[in-house]
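Sequence order for the protein chains is X and P.
All residue numbers for the first sequence refer to the working numbering, where the first residue is 1 and numbers rise by one.
All residue numbers for the second sequence refer to the working numbering, where the first residue is 1 and numbers rise by one.
Mixed in with the good hints, there may be bad ones.
[As the list claims (entries may be wrong)] Estimated spans, in silico, between C-beta atoms of each pair: (1) X:42 <-> P:106: 48 to 56 Å; (2) X:44 <-> P:132: 14 to 22 Å; (3) P:132 <-> X:7: 39 to 47 Å; (4) X:97 <-> P:184: 19 to 27 Å; (5) P:212 <-> X:92: 57 to 65 Å; (6) X:130 <-> P:586: 31 to 39 Å; (7) X:84 <-> P:246: 54 to 62 Å; (8) P:566 <-> X:156: 51 to 59 Å; (9) P:524 <-> X:130: 29 to 37 Å; (10) X:44 <-> P:584: 20 to 28 Å; (11) P:540 <-> X:156: 48 to 56 Å; (12) P:212 <-> X:84: 32 to 40 Å; (13) X:86 <-> P:530: 49 to 57 Å; (14) P:184 <-> X:129: 35 to 43 Å.
Bear in mind the hints are in silico, worked out from the structure with no lab data behind them.
Backbone N, C-alpha and C define an ideal beta-carbon position, used for all residues, glycine too.
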Amino acid sequence: MRVLDKPLVVSGELSWLGGDRLERRVDLPTKETATIADGQVTQQREGRKPRSFSLERAPQLKVLLDSFVALLGGDPSRLADSFDVTVAHAGSQWTLTLKPRDPRVAKQIASIRVDGAGTEARCMRMEEPDGDVTMDLLGDLATKMPDAPTRDAIAALCGGTP
Amino acid sequence: MRGGARFALLLGWLLVLAALGLLISQRLVISTDLRSFMPAPTTPDQTLLMEQVGEGPGSRLLLVAIDGLPVEQLAQLSRSLRTSLVNDSQFTQVVNGDFDMGVLDDRLLPYRYLLSPTLDTQALDEDYLSDQLQQRLDDLSSPAGTLLKGLLPRDPTLEVLKLAELWTPVRSPEVRDGVWFSSRHEALMLVQTRAAGFDPEAQGVAIDHLRSAFAALPGSAGAHLTLSGPGYFSVLVNAQTREEADWIGRISTMGFIILLLLAYRSVRSLLLGALPVVSGGLAGIAVMTLAFPQVHGITLAFGFTLLGVAQEYPIRLLSHRRAGESAVESVRGLWPLLLTAIASACIAYLAFYASGVGGLKQLAVFTITGLLAAGLTTRYALPYLLPDTVRDVESTPGLGAFRRWLDNLPRPRWLPIPIALVAVGMLVFAPGPFWQNDLSALTPLPRDLLMTDARLRGELGAPDVRYLLVMQGKTADDVIALSQSVQPRMQALVSSKALDAFELPSTYLPSEAVQRARQAKLPDQATLDAALTAALSGMPFRKDLFAPFVHDVEAARTAPLLTPELFAQSALGQRLAAMLVKRGDHWVGLATLSGVRDPEAISALAPQFGGQLRLLDLKEASESLVAEYRTRILHALLAATALLLVTITLALRSVRRAWHVLAPMTLATFLVLAVERVAGIPLSLFHLVALILAAGLGLHYALFFERDTGDPAEQRRTLHATVVCVVSALLVFGMLGWSSIPVLRAIGLTVSLGVAFHFCLSILMAPHARQD
Chain X
1 MRVLDKPLVV SGELSWLGGD RLERRVDLPT KETATIADGQ VTQQREGRKP RSFSLERAPQ
61 LKVLLDSFVA LLGGDPSRLA DSFDVTVAHA GSQWTLTLKP RDPRVAKQIA SIRVDGAGTE
121 ARCMRMEEPD GDVTMDLLGD LATKMPDAPT RDAIAALCGG TP
Chain P
1 MRGGARFALL LGWLLVLAAL GLLISQRLVI STDLRSFMPA PTTPDQTLLM EQVGEGPGSR
61 LLLVAIDGLP VEQLAQLSRS LRTSLVNDSQ FTQVVNGDFD MGVLDDRLLP YRYLLSPTLD
121 TQALDEDYLS DQLQQRLDDL SSPAGTLLKG LLPRDPTLEV LKLAELWTPV RSPEVRDGVW
181 FSSRHEALML VQTRAAGFDP EAQGVAIDHL RSAFAALPGS AGAHLTLSGP GYFSVLVNAQ
241 TREEADWIGR ISTMGFIILL LLAYRSVRSL LLGALPVVSG GLAGIAVMTL AFPQVHGITL
301 AFGFTLLGVA QEYPIRLLSH RRAGESAVES VRGLWPLLLT AIASACIAYL AFYASGVGGL
361 KQLAVFTITG LLAAGLTTRY ALPYLLPDTV RDVESTPGLG AFRRWLDNLP RPRWLPIPIA
421 LVAVGMLVFA PGPFWQNDLS ALTPLPRDLL MTDARLRGEL GAPDVRYLLV MQGKTADDVI
481 ALSQSVQPRM QALVSSKALD AFELPSTYLP SEAVQRARQA KLPDQATLDA ALTAALSGMP
541 FRKDLFAPFV HDVEAARTAP LLTPELFAQS ALGQRLAAML VKRGDHWVGL ATLSGVRDPE
601 AISALAPQFG GQLRLLDLKE ASESLVAEYR TRILHALLAA TALLLVTITL ALRSVRRAWH
661 VLAPMTLATF LVLAVERVAG IPLSLFHLVA LILAAGLGLH YALFFERDTG DPAEQRRTLH
721 ATVVCVVSAL LVFGMLGWSS IPVLRAIGLT VSLGVAFHFC LSILMAPHAR QD
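Next up, chain P with everything else stripped away, as it sits in the complex (with noise of 0.2 Å):
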């Protein structure tokens, strides 16, 4: 190809790219959601959990702890925090024991009447209100006198006080100096966010708007902050993950680079092997954009890391190029052996595709779509650009003795046969649970973390991640009524230590019925002004002080009644929302539990509530989900591998060479599996996937062995341009080995033994070099 039609090409690919790239800048809208990297629910429990790990009222909450001051510095951060929090649309709900005067807003105000139990055994008559009023006074000259001198006016039976006692969490910890305090003198505190806790960003938002505020106070500067939680939680293993995985990314993209150039001596040629795999990446996420509303951030990263096989086939080209050859004649000679592992690598993760989760289809259309992207660039637009003259690697020094020395080995034909039984053995012996099925271990977080959360959790009596008390009912008022009525059943329970405490929706909102029948009982306006007449007289109170009050009970009276909706429009209705969620077309509600001790003693509640309640065990669920989504990816793994036996055998046109290609890969990927598994690491999903990506480059150093040319200097080559990928692969992915997050390191770890083994494996079960 002459210089004007080449640079044309160049030219014309580039723009490609950038065409791509502008579509993709366009489209590209990245989820970070983790859940639809889980599988679709199929049960009621399920889909709760997967509704719950996301936004139900437990993964909202923070945990946070003050410390590094004096006590009463600590108490004085802790309120001024919650002062400039409760303020702040991020939080719906802000608590750190300090007496709450304001948990209802103005508006709200009069419907303390219907909210507070005192009208269920007491009414507003002249033997009560003088009875309150007189306790007023004796208030008004103790030391509280200040503190409620501003809302005897209104709310002389202080109703406000007994919500916010009704309201406090019932296991609270110690207070000092007004706030709560750990054992260990933390000032702490509850936040509800209103982002949903599996949204990293949003929760990110949160918890720099919580930081910005704490920094802001004055006194701030010695104090430490602690947060802990699930939105926490997500927020830190994102930005951790994100951060190694760059510093250790660019390190083997260095040494990527380095390994090229001792390889090739080509800066051109390095350059241009880059294009097919930019082009699959491009092409993948383009293809994507089109064909999902949202890409998910996970997707993206582990579609580069299985778009790794891709680097494959120009290094193949590279190295299998003769002195003398131009490109395009090289890449003739090599496309049969190529596309047959283009197809078989698109075989395989088409498995994903079948596996029925949103993430992982889309993976599967990202590297599918990738690697045809760049296996065609590499056929069909690579070797026109190529330099005509290149140095053949066969002549690379050492690269004849090392051949020979690998020619050398025994190859024993029953090799295949003790080593598949090591790693059975190994695999039936093993310690340790085989799968991973805590899905918490898919957002792995360093233990002190969890540690730090199991404590703050105890100490504020926040509630437990794992049960939840589940009601449902017709209307969101049913599910309310059904709350009421398990409240006392409840309450027995706490006494006979089943739990230590509970929330219920009814404990924020009584039920329809329940407010009419509070509504009823309070007094007209006259009547109201005539007790409070008598109950004043001989009262040093001046006589028309208490005219809030009775505009309040007469509001509270004929006010509507309050109902979900109305009160959400306050923080503490919010709070409610979380807990009273629609499901199509009914209403479910959501009861937290602190320190369960007998979840049998709670599930046998159930029965003598016709099944309209029960006790999901959040743990229980999503293992199950687990496995089912396990269940699923091994089903359609064991269909991709049946495709790719047939696949192979009818590309080669031969069973026994087939057999030669696939038993290596096969036995390799047992041996990863039973190594790990003796090292006792359970399996998760991230080992599947870097599983699949090992077995993938597996194949093609078993295609490539296998290949039987009867020229040494062509079989140097394929040692040379398999050693390249070895090496490179290694570099990468034992990086990601060595990194401190779980997740990195078992693609790290998987990846770089499945190479190892494939390597040697398809070498010594190679069968031409035995009939040498």
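Just chain X, with the same shape it has in the complex (with noise of 0.2 Å):
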């Protein structure tokens, strides 16, 4: 993150609960959880009320969740609604990459790559205009993550093409 010296590593659950719901808890470094459902994200943190924002002052989350419920919905179609859709292939391994049809959500949102490997997707970077990278390494991949992280070690542990 350009605000940042060094990348910000957290690390949580991610679950779908079915329908338009996604819920993300965090326990490292805070607890903390959010859920978007009903377009309104609500964030709880320990010893704090509550918080609440409309799904549309976030745009990056509304992609995510787009191409989150997709991905894990299996709906080609959903995917292709919001986003230009390319996928490159070698050997077992492959690599989805999506970019927002939307011009307003493109402002936010570069693109957003998954790199995977026969059945399971292992990593998901979502990349920002101004030069931002959040990625995110799922299942077994996660207890991979490095102390002291860089973008290029964990495109490495992706296994995709940089």
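Starting from two chains that each stand alone, build the complex the way the hints lay out.
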């Protein structure tokens, strides 16, 4: 992130609650639960009042939600509705690149890239136009997070073409 | 008069009218401020009321609801509409529940440290900064990250968000998809206009801006926009009244023309007969433009209504012409009576001048000038233009039989007594309140609009229009300081459910003392730098990231305190300016209240603040104002009646004859009052004006019926003239009586009833027929 001089690492669990509902539980560094449901994002942090805001105000979350739900629900037409989709294969490894179609969203999100092997998605990275990158290591890979991660190190872990 | 001279006279007359028209077109400035039609305020409460009615924060508020589409699309429309309105100078505040990061513009942004209460309990030291920075770090990794990222370098403690929260109305509607929604799934918005509420023209411009901004939004086609609020109502009432008065006017004018053509069978007489009234109208407006800087729109509307009496003058002249007699000879015979009628009407209208109300004074000047001009032209110009030979209306078929039938009606001497008793009885036992004290009845609105307004106001928690908390002080800052000390007391009243919410001037701007105290708590640049560096150690933030923050704190520490004048350059400051007004040598602060349940509990605060604070009940103030107003008009009318009595007695040189003229007129007037009261209609200003017009017409009927000529043909002419007058008045005002607009209906109904009663009583109480 541009505002930070080293990467911010959080770990926790992302669960799909069915429909358009997603829960993101963070265990480290601070306990926090964020729920996306009915167009509303609610954040609950230990010892503080819950905060909530409209999904419309955070387009990158909406995109994340769309791509997640479409991927997890196996709904390619929903993906194609919101994104330009390109797929690259290399053996059993594959890379899915999603570029948002809505110009308003594109201002916040440059692209989403999902790397996987076989039937499993291994990591997901979201690039913002200002150069900030959010990388999610999914499943088993999450335990392999290095102590002092760098972009390249994670990209290597993902195993996709950098 | 020979053809050439006649033509020259007509040309001269038309030229004078054209000159008057030119003068008017150059000088006429029409004002639409309804307040000039209200009485001059005498108490401080009434003065405030008059200001509030037109310019107060409540009167500038527009309530907006958008419906007809799914929630997400409505929310999107609400957000887009807000964006376009915020950039429009017509509006000083636009709120829809959306979180607003741009509440302060760039120039005022450093002042957030003086406006936000954070520094009252916190210092910008290492502990606080480090806690805040840790929270921001968590924020960055949270879903709200992108939202806050842009704000972070300048405002790491998120003061802007605290202010946005502070300035969001306390009792706000349900938020869905980030914006306010009503229980009926309408997206809601509150918009404050720069224009005063009771300036329909300026409000019209603002509303047009709002509507076209809405129409320009993509996807707005399927949605429906509902507006409400005092400003919108004034625009609506203006437009509706004008539209309805226009089409009613067109129809009744056509009827009037047909009637006159049937009565006199001469196009030339008809056209020439219109000249005196046109002259009266133009002369009236011309004199008004010379005497007053602005002419009120209502004066013109009422004035032309009252000038309806003048149409009688040419009608009388046309009806009273005999075969073989020139028009000049006819008018000489009529003139003494006509002059009495004109003088009496002028005296009655003089009562308006004495009322002390700006608009009514104008009305008096207009009608008196108009009547004089119409009367004098009927006497000295019109007769020379009329054709030499005419059909004597005396021979109109059926007229003789009608006259005989009327003459044969029983005319008991005691007739006035039971009529008077019935009228008094009806007045005493009539249901409902006698007077319409509600000021809003002067601008009556369709009921469903008022219901919508009440519903939206409830949902939005918009301030009551009725109550205001008034504070005063020597300077604006004194008022703000007072407002600050009132704040905890009001908060306690909210907790005890005396009211739902309040908004004080100090909500927007703290007093200078508080600002100074907060300024003193801001660390200097070196201290802040040190604290920040210490707080940042071990954090992943870039070291130079917070330079804008340090810069803003330094700016806030050294800036001159924020004054209302300086603040007024921003939209929020405009909001404050509406709550803080200078009056004479002192300042007045106005706090708006919502959902007031216990006004006494709020009033009870007043003594504790040394009389500098009080609860203003606008309804009570307005009712006292209207009552006072009415008393003044009634006194003026009483004086006018006495003058009228003297004038008529002198003119007729007989008390008995004067009685025969004035008794039917007075009785008929009371009868109209009684009938309207029995029908449950409370009387308003409009009824009074209409009653006076009817009385003016009735005076003519009585004067002419009372005239004992002993000549059956002349009596038939009198009847002809009166019937033409009565039918034309019934035609014009009867049409108004069917109007859906309460104002027009009040005038129409009252005049129609009046004309009918005056006609019947004038005939039944005329003396000579009894002697036959």
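Now the hints, each set against the structure:
{"no.": "1", "hint": "X:42 <-> P:106: 48 to 56 Å", "in the structure": "32 Å, violated"}
{"no.": "2", "hint": "X:44 <-> P:132: 14 to 22 Å", "in the structure": "19 Å, holds"}
{"no.": "3", "hint": "P:132 <-> X:7: 39 to 47 Å", "in the structure": "21 Å, violated"}
{"no.": "4", "hint": "X:97 <-> P:184: 19 to 27 Å", "in the structure": "44 Å, violated"}
{"no.": "5", "hint": "P:212 <-> X:92: 57 to 65 Å", "in the structure": "59 Å, holds"}
{"no.": "6", "hint": "X:130 <-> P:586: 31 to 39 Å", "in the structure": "53 Å, violated"}
{"no.": "7", "hint": "X:84 <-> P:246: 54 to 62 Å", "in the structure": "59 Å, holds"}
{"no.": "8", "hint": "P:566 <-> X:156: 51 to 59 Å", "in the structure": "57 Å, holds"}
{"no.": "9", "hint": "P:524 <-> X:130: 29 to 37 Å", "in the structure": "33 Å, holds"}
{"no.": "10", "hint": "X:44 <-> P:584: 20 to 28 Å", "in the structure": "55 Å, violated"}
{"no.": "11", "hint": "P:540 <-> X:156: 48 to 56 Å", "in the structure": "22 Å, violated"}
{"no.": "12", "hint": "P:212 <-> X:84: 32 to 40 Å", "in the structure": "36 Å, holds"}
{"no.": "13", "hint": "X:86 <-> P:530: 49 to 57 Å", "in the structure": "51 Å, holds"}
{"no.": "14", "hint": "P:184 <-> X:129: 35 to 43 Å", "in the structure": "40 Å, holds"}
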